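Protein sequence lines, in the order shown, are assigned to chains E and P. Under UniProt numbering, the first residue of the first sequence carries the number 1, and numbering increases by one thereafter. Under UniProt numbering, the first residue of the second sequence carries the number 1, and numbering increases by one thereafter.
What you were told as hints is all true, and nothing was included just to trick you.
No copy labels: a pair is met if it fits in one copy or bridges any two.
Here are the simulated PhoX-like pairs of lysine-lysine, each with C-alpha atoms no more than 25 Å apart in a straight line:
1. Lys232 x Lys364
2. Lys311 x Lys331
3. Lys226 x Lys368
4. Lys364 x Lys226
5. Lys365 x Lys403
6. Lys232 x Lys249
7. Lys222 x Lys365
8. Lys249 x Lys235
9. Lys237 x Lys249
10. Lys147 x Lys645
11. Lys599 x Lys528
12. Lys739 x Lys700
Since the hints were derived computationally from the structure, they do not count as laboratory data. Nothing here was measured: the structure is a model prediction, and the numbers come from that model.
2 protein chains.
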Amino acid sequence: MFLTKKITIQTACCFYMLFFSITIFAQQPADFVNPFIGTSNYGATFPGPIAPRGMASISPFNVAGSQNALEKDSQWLSNPYVNENTFLTGFSQVNISGVGCPDLGVILVMPTTGMVETDHLKYGCTYSNEIAKAAYYSVQLDKYNVKGEFTASKRVGVSKFTFPKGQSNVLLNLGLGLTNEEGAMVKIVSSTEIEGMRSVGSFCYNSPEDAYPVYFVAKFSKPANKFGVWKKPSKYKGLEAQWMTYNGKTRMMDNTIKTVVGDSIGTYFSYQFDKEESVEVKIGVSYVSIENARENLEKETGNKSFDAVYKETYNEWNEELSKILVEGGSKDDKTIFYTALYHTLIHPNTLNDVNGEYPEIKRKKIGKTLGTRYTVFSLWDTYRNMHPLTSLVYPKQQSDMIKSMLDMYDENGWLPKWELNSTETFTMVGDPASIVIVDACLKGIQDFDIYKAYYAMLKGADQIENNPLRPGLKDYIEKGYLTTNDRGPVSTTQEYNASDYAISLLAKALGKKEDYKRFTNRSLSYRKLYDKELQLLRPRTANGKWYEPFDPVAGANFQENVGFIEGNAWQYAFMVPHDIVGLKKLMGGDKAFSDQLQKVFDSKQFDMANEPDIAYPYLFNYVKGEEWKAQETVKKLVKEYFQNKPKGLPGNDDTGTMSAWLVYSMIGIYPISPGDPIYAITAPMFHRITIKLDPAYYKKESIVIERQINNDGKIISIELNGKPLNSFFISHEDFVNGKTLKVIQN
Amino acid sequence: MFLTKKITIQTACCFYMLFFSITIFAQQPADFVNPFIGTSNYGATFPGPIAPRGMASISPFNVAGSQNALEKDSQWLSNPYVNENTFLTGFSQVNISGVGCPDLGVILVMPTTGMVETDHLKYGCTYSNEIAKAAYYSVQLDKYNVKGEFTASKRVGVSKFTFPKGQSNVLLNLGLGLTNEEGAMVKIVSSTEIEGMRSVGSFCYNSPEDAYPVYFVAKFSKPANKFGVWKKPSKYKGLEAQWMTYNGKTRMMDNTIKTVVGDSIGTYFSYQFDKEESVEVKIGVSYVSIENARENLEKETGNKSFDAVYKETYNEWNEELSKILVEGGSKDDKTIFYTALYHTLIHPNTLNDVNGEYPEIKRKKIGKTLGTRYTVFSLWDTYRNMHPLTSLVYPKQQSDMIKSMLDMYDENGWLPKWELNSTETFTMVGDPASIVIVDACLKGIQDFDIYKAYYAMLKGADQIENNPLRPGLKDYIEKGYLTTNDRGPVSTTQEYNASDYAISLLAKALGKKEDYKRFTNRSLSYRKLYDKELQLLRPRTANGKWYEPFDPVAGANFQENVGFIEGNAWQYAFMVPHDIVGLKKLMGGDKAFSDQLQKVFDSKQFDMANEPDIAYPYLFNYVKGEEWKAQETVKKLVKEYFQNKPKGLPGNDDTGTMSAWLVYSMIGIYPISPGDPIYAITAPMFHRITIKLDPAYYKKESIVIERQINNDGKIISIELNGKPLNSFFISHEDFVNGKTLKVIQN
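My request is simple: use the sequences and hints to build the entire structure.
Next up, the structure:
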């Protein structure tokens, strides 16, 4: 009897393994993620692991050391990792993805062997055999023959180091970092635990007074044979320096459990191994307190192994990415698509701890949420497509993001502009929060306090004095535009127009007729900056005259210029998506409009790497008969700028904005006028695309976009649920309540 | 009926008040304390409040600012307050009294008015109306018209600021400090509470790796209208500095509860008063943790008012000081006497928190005591008289000090040498812990593990390699002396001799005959350094020859010299108190000895300001018929060097050593040979002195020293319990078991 039983179990086992193997080898959406995409060409993404919208993440840190192609202090460098670089000095535990300013990239863990060396320029080394996947990164450190593997849960980074025989060390460097802020505190709690904090902030060299702490707790799977803290103090000056033989020298403080603070401090945990051995290091982080960091670590990873954490986070990624299933297309197509979708799921990210606590804006107190408090709102970028995408595919997340924005309004008196870990960086211009909220609201995400949101928008739009969101508002309201006395007067006017248009849409929906009229009018004021001769928008001085001399080309490639923020007159000329009909009229009709638009591309003024003009290709849809130009241009741009390689993003990912552009462009629709629930249609790049819809927000389970190709030519017909659509636009309502959107190409 | 009752109560009230008034106005020992004594002439005491052997203390901090006569960075200055200085920049909450190296003097509280100014050179000001008493200090800040009053419990400093109408601020400066260490952390918990830590250490510019944190919690009696943190970051260098408009500038961070770290940080609590108002600030400290600092604050001062805390600590002082009651003498005599006794009750001080926790030596872990863990053992100074005095008057404290020393041995493997807040500073030379322990033990304080103590002493005395207590031990054991290859070879040999003598006494008491013989022999080895021609001790080189050239006068006033530590050949010539008989023989008998001793004084080589020769005056007792010289010299020295004024100490108080010298000298006995329980007798300076004895250690309740004067001349007779003593020495046993020691002068 016994024997029989045993055989049965073995058989079952085999079946299970066979089944398991099949599951493993079938390529899941998460398997197509290539985190190296965007790690070159200033994409500013990082290849290390992160959970969807995770607070913690691990990035190899290879931007310190003159051996590198791009060294962090040699230029305005905003990422902890550059693919071309060769000299690695650790693995940072909190990172921002795809932004244009340096910050975070701190709490650097580094495995070494032999004697403890604390100078990163000395302990850093070259590396090889990098592998990066969703939720996983591994690398071999050449100098030490150490393999590092990394994964992460939402608030905990997990590192696994496999050391050769001999003395091995795990350094925790709290001095080195991508951020320009300095200052840290650390205390070794025991031979398996460290706690501390690191100052970060002054993002984009702004608001240094808002610099803030990130707290952490690190737990080691094996007790150190020896541990300690190092500190390199600042050099003492004056008479007393002559008595200090130790002046400015690094101090090694062995086996101590005291609190140490300083700008340049770190810890070392040393082991003596008589064979190859692995050490796992879990680092929980929190923006509230050390206690919360410890709780985050315990609750999320407790006694879980590296592999268990990896599997959980991999599954999370797979679940999120499976919300859009694509069929057809090459492996590279799928890779750039799912990597882009992955990049849109990094920011905004979770700010609250597992217990719900988070620092309120300005850190005046600790708030508590029952849902998710989101942070990292690069709204000038993301209002254009990232948030609209989130509303469509992840409406619950979008809802929580809006609730987070409204909480910020409660805490701070203003909706966010460029919020980062509960600091308002006031980077960029415009008042884009309104657009994000209206866009989601009009798409049916309405489980938040809409009236509060509405009045919050009105405050930002109407309060003339001391308004941090809309500087220059007095001119804008009185004259209809900002003048050259203000910053980027033309583009900022356009941004305010876009926001006012969104507000007008909500006013209309709420039955606020007066406001509707008022904001509709305000949204068209850009027209006063239209120069008929140039067929471009151009700045006016305070006395209403055109600013002279005016060079429409000046301002490309992020150069400072009088009229525009991060762009030139060409790159902003068409950025009035809510009034393309009006713009066409100004320009003299369809043809003039189309010619001028084409000129942007022909004269190489189109900049794929920045937001103002990224919707341009879709604007051809506004000219009957020229929609093929949109299709052709989008296809060309995707091919040119988005590739399955580190340089495969056109520039800064802008917290997923470039990636969202790609996602939309590959599924064949684009939210052409943010705030307005409408999509422009182009040719999808997969045979079939299934978007799963969240039943809490949408009636249908999913919507399918199908492509029918004859010769990969122009779109000849678009059908919704089998019936001709007769338009290259589709409302969000029609789209999500449809069943199949079929695009037939010649 | 009602009316009658009321009157009765009022009468009772009046009686009570009358009684109370009498109590107040009768001068108690504590009323004679003048904390200004020693605040000039490098006495290095501070005038602010402290409880007996308290961990916390408050000192006005007036050593920062070039307006001052003595500025802390302009020279080797070791005190937070100098009486001649005029520019005050706050009130430090932890301080060391009477030491020769700068440390602590941190956590500076400063009241200001008007706009918040964070630069101490700008907010500092002159002051007036200083009042200093036991447990109380007050001062008027001229610039702000603010009165500051200060008191302290053992672990909590309490400040009371009386502000005029208008904006008032309480600054907490964590950058400025007397210590040369830098680095602090702070977090404002609420509008009435602050928590944080400050790094201190590298005492005497030694052992920077042992720098350590002092944690604190501050509670305010009134919630601030506005609060914040300031930070002056270090200046950023390199390319990025050009984008930092804020580079190196002080940042004001309003109403934030985030953790801030840095070398130059502080907090401000601001108030808007519409009339004169007071704010009380309680600051609890701990060397273990912020939590413990908070518990110390709560348990010791809770809801107590400033006045209640003051009264408690005043009473504690009075109780301690009343252990010796003096009658007769002028007010100045009583003042210098009780102030000296007060100064002997500051260090060693309490290290453990109210819950018993303290950092163990080297801060490898947190220990816990049921008694008191003492710290600040300046043993090279204090073994000579401070500890003997404590054994006599405060034997329970002495017992706990010995237990603390033995705990340090457990923690660190070595008895302490110069222990400071659980760091071993290894300042000065010798192995004085043995002497302290033996002295107490042979005086009957034996409630500790004597055998452990004995073996701890042997380890220090015998372990040749890696012995941090006795460098040069190999030479010492082999040759009998240290050579010019070692530090201060002559004086260090003498110190080892003194320790070995103490060990021999304990060996004898424990019946360890071999050890007794061995250490007795070792204790006499200084004789090999005796130069018959010079009648002085002088250094020998490694090959045994006299070191040439040799200047017996070199080394006075703390100048470095080859043979001696902090002294010259004259100041060390007689520092063999355990072998004066032998020394006399070396010198050629009583007369030669007496002549040579007199020469020290006549040639002005005697240094009252440092320890090696402070017992010299009493050595005349060893020459029959010349005891009057001891009496005369002591009287002269007391008059010359100890006065009721800031300059009233001869130099550094050396954690109470100079003060203990004065206490002994004024009561007419002196522990002439530390370790050996014997006193030399001179003329007491009061009519009657009653020393209360602790019944836990001594049989008698008290011992009385009486003086009978005819013409204030030589002592003509000494009587113990009415019988002639026939000696100018008395054993500790006879003394404490006597009733009255009567000294009759001509």
